[in-house]
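Trainee: Going down the list, the protein sequences come from chains R and B.
Quick note on the working numbering: the first sequence kicks off at 1 and runs consecutively.
Quick note on the working numbering: the second sequence kicks off at 420 and runs consecutively.
Since the hints were derived computationally from the structure, they do not count as laboratory data.
Ideal Cβ placement from N, Cα and C applies to all residues, glycine included.
Beta-carbon label-pair distances, calculated as ranges:
#, chain 1, residue 1, chain 2, residue 2, range
1, B, Ser562, R, Ser264, 25 to 33 angstroms
2, R, Val117, B, Ser580, 53 to 61 angstroms
3, B, Ala504, R, Ser264, 41 to 49 angstroms
4, R, Lys114, B, Gly578, 57 to 65 angstroms
5, B, Arg479, R, Thr402, 45 to 53 angstroms
6, B, Ala585, R, Gln310, 34 to 42 angstroms
7, B, Tyr496, R, Ser266, 31 to 39 angstroms
Listed below are the simulated DSS-like cross-link pairs for lysine-lysine, each with C-alpha atoms no more than 27 angstroms apart in a straight line:
#, chain 1, residue 1, chain 2, residue 2
8, R, Lys293, B, Lys552
9, R, Lys114, R, Lys81
10, R, Lys164, B, Lys586
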Amino acid sequence: MRFSTSVVLFLCALVYAQQDTITMDIAVSTDKTLPIGVINFELDKSDWSKLEELPQKTLARDFELSGRFSVVESEQYNLFKLSQGRAKHYVTGRLSMSSGQARLECKLYATASKEVVKGFVYTSSVEQIRTSLHKCTDNVVHQLWGVKGFASTQLAWVRKINDKKQVVVADYDGFRRKQITSHNSVNFMPAWSPDNSKIYFTSLRNGRPQIFERNLAGTTDKLLFPNLDQTFSPAANPKDGALLFSNVGQSGADIWQGNPQTGSASRLIYTSSIEVSPSWSPHGTAFLFSSDKGGQPQIYMALRDGSDVQRVSFFGKYNESAVWSPDGDRIAYCSMDGGKLNIYTSDIDGNNVQKLTSEGNNEKPTWSPDGMSIAFSSDRSGSSQIYIMRRDGSGATRITNTGENTSPAWSNLTKGGIP
Amino acid sequence: MKTIVKVLAVSVALALFACAKKKEAVEVAPPPPPRVEAYKPPPPRQEAPKEDPLEAERRRLEELMNKIMSDDIYFEYDQATLTAAAKDILVEVGDILKREARFAVLTEGHTDERGTESYNMGLGMRRADAVVKFLTSYGVASSRLTKVSYGEEQPKVSGSSEDAFAKNRRAAFRVQIKH
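Next up, chain B with everything else stripped away, as it sits in the complex (with noise of 0.2 angstroms):
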């Protein structure tokens, strides 16, 4: 699942930085000619090349993506109200959104197996809906905040125990960049 989630991110991150900025133009536009320099045989490589600064960006935001991705929002059982460990979090991940003002994110909701469907789906909502007051009274516009929730429809630990069910009351936040 960790893996998925890098793998989406780091190509989020590529897409940002190798396509131009209006998607839509490039998926309509024919192919552009080929240019002259394209002909070229590419210099030569020096024995310790330095990095990239664009590549050194995309690392840099890989990883910030991956960080508030990694960042889930627990919750006490039938709960939605933020504990201090989570406010903790969602400070560290609001930081990061003000900086990084293309971050877009989405909040998904999440329950535990306990209680019926129907109402762990608007637990989950209630809980994706805390996590986005919180940001937003952080400083985040709302207009770069999403919320959805999932109910008891996807855990991420299966099983019945007591630590799985913890592990399942959760936030889990998707991030995408803004063009």
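Isolated chain R, as found in the complex (with noise of 0.2 angstroms):
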């Protein structure tokens, strides 16, 4: 009796400190990660005040979501320590005011050696010292993974504020939000444009819901395809922009394609059953789909001309919300379970499904541009918040702290080469 009242505590104590602290659920990790340390920064006599957080508290952070590291912290070179952690290689670095910028500098080093693998510095406003420590993490990702990370990208969710659903966008560690939606209605279901310039969403100002674009750059929200009765959840094709949607139809829901350009827009796959969620695969030429037309909703894949369409998921009795991994050979989709949504993944075909999530619900998931880690809603914590794990369901991690925050959105690769 003692012992499950002590439990209690415990895990109410776990609950309250879950409120106001990121939380790290360190599940078993099943993908293979790279030992990283990360050593606190020197910083010079100038006044920080305006730091918002220490370089090393958001480098370790960025190593943990990108999915490819995991992190021995360390607040000085402590050889036993890095070498007991398995990490082959260190961060650290300075940081230093001169006539009003802040210089940071970043070094990447052999652990054994003390040698200096790579070295990066980056001049900047204290303000902008985050976005160049993101810059770090994806110079140190390319320089040991030879690809470009996802450190400096964005998320866009759906955040309630003053009890309405508003579409915010903000660094993929949600750092730095900024409220993009202000009409005193219901706006949910970002998605972005392939150059990120533009969101578009869903909101129910006319009193039906409707898709809408808002240049990033601008302030005010376009219709698209007026003519259409309802649509909702835009999804952009990474190629050319086309839009695949939802639209009412004849008892249900139909999936449509538009133009948001020109507002043409055609009827892809209809039939009197409901269909919802199109996601584009990643070079534009199919995409996946659910239909209920089975009963309850079920995965299912066509071309773009919404020709062969084919099942995709056969486990479970509600799969939903499905996103195709950026290298085409997973899938990760929403299943129902005893009343709880969880996130899965399988292979394109169905087969091999690994459950992620087990603790609350746990729904929309969202790639990271590189397929490395996965961002969701869950509502484990006791309200709706964004995590991000890793795409073996290890490491989630909470990015939003207070409110309710749905339907995180990633956004895509900048084109260009390594900052």
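Take the two lone chains and join them into the complex the hints point to.
Mentor: Below, the structure is given as structure tokens:
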């Protein structure tokens, strides 16, 4: 009895702790991660009170969220600690101020020899140091993995502001959040244009669901496809920007494809069932969607013109919100079991199903642009918040802490070289 | 919420009887010149005035509209099939609509919060559709019936209890008077 009471108290303490700190769920990682040391940065004697977070904290979170690394934190160089954590490399550096500009030096070292593998220097305002640190992460990812990381990408999601759903955009780690929509109605289901310059979203502002476009450089929302009755859940083709979306149909909803510039649109998938949640393949030649023509929602795949429809999901009764991985080999989706939604991945033929979450409701997966991580929303802490986990389900980290946050959508990698 | 609906209903009904039949014409036409009669003092009120027939009609229509708008149609979990209880209510609504040929009805489809946003938007459409199909086959002209889905976005009752879920899985009506 005493034991169970203390367990309850312990759990309560955990729940309480989750309310105001960023928590990490240490689940077993099946994918191999590369250990990397992160050592406290040296700060010069300038006034750093405007710095929102110490550089090593930002970097350590970046590395953890990258899906590629596991971090060995150390206040200073400690060969024993780094070796014990099998970190063959470590990152540290120095932050200094000269003539009003912050100078961030980041260096990647080899642990055993303490030799510099690569060094990076960024100059910015104090407010922009986070951006420099994200660039540093991407540079380290490129140095050690030879690919482009996503530390400089963004997430769009839906946040309740004054009890209304609004679309917000932030750095992928949840910092520097900006409100995008402000109409006093429901604004939700955000999706990025291929070049990240626009957000497509659904709004009930005219008394019915309709898709709008917001240019992130502007302040006005443009109604798309005004001749269609009720449109929602937009998804932009990664190559040419064509939108897939749902529109009200005979009974339920159909899948349509439209051009957001010209406003032309045509129906692709139409049955007397509910067809929702279209998601493009990485090259924009095929798409996934959900249909309940078999009774409950299941995931299907079709070619771009709506032909060659094939069922993808066979396990579970309620499979929805499928998104195609950037490499094209896996899909992530959510499935309801026991009344709760959880995130799964599978091969594109539906085999090799892997369950990634188990606590609370977990919805709306979205892949990082390199396919290493998945962002999603979960109510496991008692309120809906955004999390990022590795693609094997390990390392789930909460990136929002207050209010209600749902429906994350990850931005695309911008063209161009490594920063 | 109910009060708002009621106020809406009253104002719609008032608008009907206070305004001229062609709304557009009223909006563009200049204000009419004041009539001579308007300067006459109003006749003294009788002790027990007879109810204005227009007022009585307004009240009758208002009551009917409120009746329809308070008649939510409830659904089973993840279903859009009309239950026997739902059909009983729809017969009453259908009877009113057949009598009051100027009523136009918007049917809203709603779901509870379980399941995904997107699928629930589709499920709301299917629920609204089931109601409209019933009313059409009952003899109400389809031109008087429109439908919309709000998915899980506009719950009637907040919370995650079975009771809240049951009240939120519904189709709701909004009534307008066609001119």
